Every structure is written in C-alpha cells, then in structure tokens.
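Enquirer: Chain by chain, the residues run as shown.
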Amino acid sequence: MNVNIRVAILGGFVFVLLVTMFFRSCSKPPQKGAQVYEKKCADCHGSNGEGFRNLIPPLNDADFLDQHADDFACIVAYGIDDTIIVNGVTFHQPMAGIPELNEVEIANVANYVYEQWSTSKKKFSPKEIETRIANCE
Amino acid sequence: MKLFPFKIILSSMALLMTIGCIERVVQKNELPVYGSKEILVKGKDGLDEIDTITLKIDSFQVMDQDSQIITAADFKGKIYVVDFFFTHCPTICPVMTKNMSKVYDEFENDDDILFLSHTIDIKNDSVPQLKKYASKIGIVSQKWHMVTADKMVIYKLAEQYMVSAEEDPNSPGGYMHSGAFILMDGQHRIRGYYDGTLGEDTDQIIADIKVLKKELSNER
Numbered sequence: 540m541n542v543n544i545r546v547a548i549l550g551g552f553v554f555v556l557l558v559t560m561f562f563r564s565c566s567k568p569p570q571k572g573a574q575v576y577e578k579k580c581a582d583c584h585g586s587n588g589e590g591f592r593n594l595i596p597p598l599n600d601a602d603f604l605d606q607h608a609d610d611f612a613c614i615v616a617y618g619i620d621d622t623i624i625v626n627g628v629t630f631h632q633p634m635a636g637i638p639e640l641n642e643v644e645i646a647n648v649a650n651y652v653y654e655q656w657s658t659s660k661k662k663f664s665p666k667e668i669e670t671r672i673a674n675c676e
Numbered sequence: 286m287k288l289f290p291f292k293i294i295l296s297s298m299a300l301l302m303t304i305g306c307i308e309r310v311v312q313k314n315e316l317p318v319y320g321s322k323e324i325l326v327k328g329k330d331g332l333d334e335i336d337t338i339t340l341k342i343d344s345f346q347v348m349d350q351d352s353q354i355i356t357a358a359d360f361k362g363k364i365y366v367v368d369f370f371f372t373h374c375p376t377i378c379p380v381m382t383k384n385m386s387k388v389y390d391e392f393e394n395d396d397d398i399l400f401l402s403h404t405i406d407i408k409n410d411s412v413p414q415l416k417k418y419a420s421k422i423g424i425v426s427q428k429w430h431m432v433t434a435d436k437m438v439i440y441k442l443a444e445q446y447m448v449s450a451e452e453d454p455n456s457p458g459g460y461m462h463s464g465a466f467i468l469m470d471g472q473h474r475i476r477g478y479y480d481g482t483l484g485e486d487t488d489q490i491i492a493d494i495k496v497l498k499k500e501l502s503n504e505r
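As you go down the protein sequences, you meet chains A and B in turn. According to this note's numbering, the residues represented by the first sequence are 540 to 676, in order. According to this note's numbering, the residues represented by the second sequence are 286 to 505, in order.
Hints in this document: simulated from the structure, not taken from any laboratory. Treat the hints loosely; a few may be bogus.
Derived lysine-lysine pairs resembling DSS-like cross-links, with alpha carbons at most 25 Å apart [said to hold, decoys possible]:
1. B:Lys-361 <-> B:Lys-327
2. A:Lys-579 <-> B:Lys-361
3. B:Lys-416 <-> B:Lys-363
4. B:Lys-341 <-> B:Lys-327
5. B:Lys-387 <-> B:Lys-495
6. A:Lys-579 <-> B:Lys-341
7. B:Lys-327 <-> B:Lys-428
8. B:Lys-387 <-> A:Lys-578
9. B:Lys-499 <-> B:Lys-428
Values in this document were obtained by computation on a predicted structure and should not be read as measured data.
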C-alpha cells in the first residue's frame with residue numbers, strides 16, 4: 540500500500556479521536572435538571588450536593604428531602620428563612636427564591652436532585668409543581 | 286503529499302483543547318497598586334515636580350467576633366483579603382463565604398495571610414451573631430476577623446476600598462453590596478479585586494497571594 544495513504548488513514552483516526560476528546564472534555568451534563576442545578580444551586584449546595592460545613596445544608600443523602608418533598612417547589616420558588624434540621628444538624632441560613640424558574644425547570648431540577656440523592660427517588664410532574672407553588676404558605 | 290493540512294488541523298485541534306477546556310489562572314510576576322494618583326508639588330528648588338500619592342487604608346478601628354478591637358496595625362506587614370457581607374444575606378454571601386474559606390484553608394498555617402470581613406448590617410450582626418456565623422464555618426478569629434463597627438465607619442471603609450455597600454429595601458435581605466474580594470498588601474495598599482462569587486477568581490486570588498508572598502519576603 541502507498542505510504543501516503545497509510546499515513547492519511549492513521550491521521551484520519553487520530554483526527555476523529557481528537558475531535559471526540561475535544562467535545563467530550565468540554566461537554567456539560569446532558570440532563571436538563573443537572574443544567575438547572577449547576578446554574579442555580581451548585582454554587583451554594585455544591586456540585587455533589589455536599590452543602591458547606593454548618594452554613595449551607597447538604598442535599599446529598601439528606602433526610603430533609605423525603606421529609607419535605609411537598610415543600611421542595613415552594614422553597615425553590617420563594618426561598619426559605621426557617622430553622623431546619625438536616626441529618627441532625629441545625630441550619631438557619633436564609634436562601635433566596637429563584638422566581639425565574641418555571642414549573643418545568645423546577646420539575647426537572649427536583650427530579651435530578653431526588654433521583655441522585657434521595658431514598659424515595661420521588662418523581663415530580665410540572666403539574667404537581669404548579670399546584671404546589673399556587674399553594675405556598 | 287497533501288498531508289500538510291492534516292498537520293495544521295491536528296495542531297490547531299490540540300491548541301483548541303488546551304486553551305478551550307483548561308481553567309486558566311493567570312500567573313503574574315507583579316501585581317498593580319490601585320488608587321494611586323499623581324499630583325504636582327513644589328520641589329526644593331521651587332520648580333513643579335510630580336509626586337505620587339498611594340491610597341493606603343491604614344486607619345480604622347472595628348470589633349471582631351471575639352470582641353477584640355481590631356485596627357489597621359494588626360494587618361501591618363501582612364497580606365490580607367477584605368470583603369463586605371452580612372450573615373443573613375440570602376444570595377451571594379454564602380457563596381462568598383464558601384470561596385473565602387477555600388482561600389483560608391489554602392493558607393491556614395501561614396501567619397502572613399489574614400482575612401477581614403465587614404458586616405454591613407450593623408443592626409442584626411452583633412458580635413455574638415458574628416461569632417455564631419464564624420463557628421458554623423469553623424474559622425478562628427486570629428486569622429479571619431469578622432467585624433462590626435458604627436454604621437458610618439463601615440460604609441466609609443467600603444468607600445475607601447472603592448466597593449459598593451448600601452441599604453436597599455428592594456434587595457434580597459435588605460442590603461445591596463459588592464461581592465468583591467479585595468487583596469491588600471503589608472502596606473495597606475489595594476493590590477487586586479476579585480469576584481468573590483466565582484470559583485475562577487478564587488483560584489486567581491490564591492495565585493496572586495503567592496505573588497505578594499514573594500514580594501513580602503523580598504522586603505524583609
């Protein structure tokens with residue numbers, strides 16, 4: 540076989556490999572909920588939901604998630620300024636609501652958080668989120 | 286033959302990967318001094334000369350979370366990071382505290398590096414409240430002073446550091462303020478501004494503190 544053709548084929552392989560690596564190394568998590576989480580929640584709660592010391596409560600493996608699944612939508616939409624206990628630790632750091640998120644985005648982020656970090660793996664529909672938000676205290 | 290374009294494509298691809306995906310911290314040899322201005326003065330021979338006045342924030346008295354009186358003298362010859370916050374701030378402050386803690390952890394055993402956080406909510410952030418907040422993040426007051434003072438003192442300081450801080454009923458928590466970290470040198474001069482809410486800027490301030498460390502050891 541012609542040497543040039545062999546080199547060209549090899550070069551082609553390397554090229555495809557590099558292109559793949561390029562896009563993989565820059566790609567964001569494909570999930571919609573993960574995207575909302577990274578943009579709106581991760582700065583404080585951490586990319587792995589680990590929270591921050593005794594200042595910001597964790598979401599990862601937090602008993603609070605399943606105890607307060609009905610409050611999730613309202614906390615995201617309107618924030619919270621209560622004393623809460625998460626895995627036995629008391630937190631009281633106000634969190635601002637995120638009014639710009641619609642019910643579909645909140646459902647996506649709720650499903651992402653509960654799928655990853657809750658015991659129940661509860662699923663939320665946009666309809667349910669909408670109903671909850673209409674009835675926040 | 287005709288293999289040349291491949292080389293170009295391959296190398297440009299590699300270049301793109303390098304610059305496009307790696308989080309960059311700019312390595313500097315020297316940091317600027319902020320707030321200097323040049324003025325005309327009369328020299329000895331009566332002729333006009335240009336003199337430079339450097340902004341130094343070297344006169345203040347505040348109280349920290351352990352009721353210690355803290356003055357500028359406590360920071361002389363130290364490198365320190367300054368910010369303005371309040372403990373019940375629901376938006377940017379928890380992130381700022383988290384990022385500041387990262388810098389604190391990096392230099393935990395280095396006595397040359399100190400931290401100075403001013404509350405802008407004098408009403409609610411009493412000394413015990415600051416103490417409570419500090420204990421939640423597990424920091425010690427010898428290294429990270431969380432301070433309060435008369436309202437006018439704090440707001441005047443914010444002005445000197447050239448950052449915004451004001452009461453604003455329309456802002457979450459009732460205050461509007463800058464999320465900046467201000468890097469100060471041993472002569473109380475401003476050497477850098479960083480966005481305290483960004484991870485990249487946190488890495489940058491860590492790199493820049495190391496630059497000031499070198500400067501400090503050269504001065505000694």
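Enquirer: Hint by hint, say whether it matches the structure.
Expert: Going through the hints against the structure:
1. Proximity of B:Lys-361 to B:Lys-327 is assessed by CA-CA distance (about 31 Å); at most 25 Å being required, the pair is judged violated.
2. Only pairs whose Cα atoms come within 25 Å are accepted, and A:Lys-579 paired with B:Lys-361 is rejected, the gap being roughly 39 Å.
3. Restraint check for B:Lys-416 and B:Lys-363: satisfied, since their Cα atoms lie roughly 23 Å apart, inside the 25 Å limit.
4. Only pairs whose Cα atoms come within 25 Å are accepted, and B:Lys-341 paired with B:Lys-327 is accepted, the gap being roughly 23 Å.
5. Between B:Lys-387 and B:Lys-495 the alpha-carbon distance is near 15 Å, which keeps this suggested pair within the 25 Å criterion.
6. Taking the CA atoms of A:Lys-579 and B:Lys-341, the gap is near 38 Å; set against the 25 Å cutoff, the hint is violated.
7. With a C-alpha separation of about 43 Å, the suggested pair B:Lys-327 and B:Lys-428 falls outside the 25 Å cut-off, and the hint is violated.
8. Of the pairs offered as hints, the one joining B:Lys-387 and A:Lys-578 holds, with about 20 Å between alpha carbons and a cut-off of 25 Å not exceeded.
9. Taking the CA atoms of B:Lys-499 and B:Lys-428, the gap is near 20 Å; set against the 25 Å cutoff, the hint holds.
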